[in-house]
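Trainee: Using the sequences provided together with the hints, build the complete structure.
All residue numbers for the sequence shown refer to our numbering, where the first residue is 1 and numbers rise by one.
None of these hints come from the bench; they were simulated from the model.
We put the CB at the ideal spot given by N, CA and C, even for glycine.
Hints may contain errors.
[Claimed, not checked] Taking CB as the label site, the calculated pair distances span:
1) Glu98 x Pro11: 32 to 42 Å
2) Leu152 x Arg43: 30 to 40 Å
3) Ser94 x Gly127: 19 to 29 Å
4) Asp150 x Ala53: 31 to 41 Å
5) Asp97 x Gly127: 19 to 29 Å
6) Gly75 x Ala53: 10 to 20 Å
7) Glu60 x Ala33: 13 to 23 Å
8) Glu98 x Pro36: 37 to 47 Å
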Amino acid sequence: MSYEILVLPVPPGAEIEEAGEALEVRLAGGHVAADPAPAARARRRALAAAICAADPALRERTADDAGVGIVLADGRGMIADLTETHVAFRVSYSHADEDAEALFERLFDIVGAAVRETGWRVYDPQGACAVDVDDDGRDATLEIYQSVVDQLLPESRWSPG
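Mentor: Below, the structure written as structure tokens:
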């Protein structure tokens, strides 16, 4: 189980919430695949390079050799799945307090890199809303994340001894 942030193109005239929900349905049904064309693969490689430049801890876990997309991971619970239609960023629900704050600083650095590279928009499935790649957007998503961590990891809560 992980917290997910989606970066995706939004068609002209469409709302980010509608586009995000439609992508979620396609992902749940397994209907999203990467374009195997060389030009599409080159765009994914450029996007992966931009994301890795923003956070050198991320490494390629799955290569794009078969034209199925790229998976980047840091080995500590952060994963980025890149396809032609979207980027899904996931962070495990295993970080609390200052660790979670540092994680979301990193997350928003790489989400920002993806947005700058593609011009796409950010959607938070947990909040079912658009997210700005700024301090307010980071703080809002971090608040949702921490509320789930508090439920999953009650020992992470501070309590007087």
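Trainee: Quick one: which hint numbers does this structure break? Sort them smallest to largest.
Mentor: none
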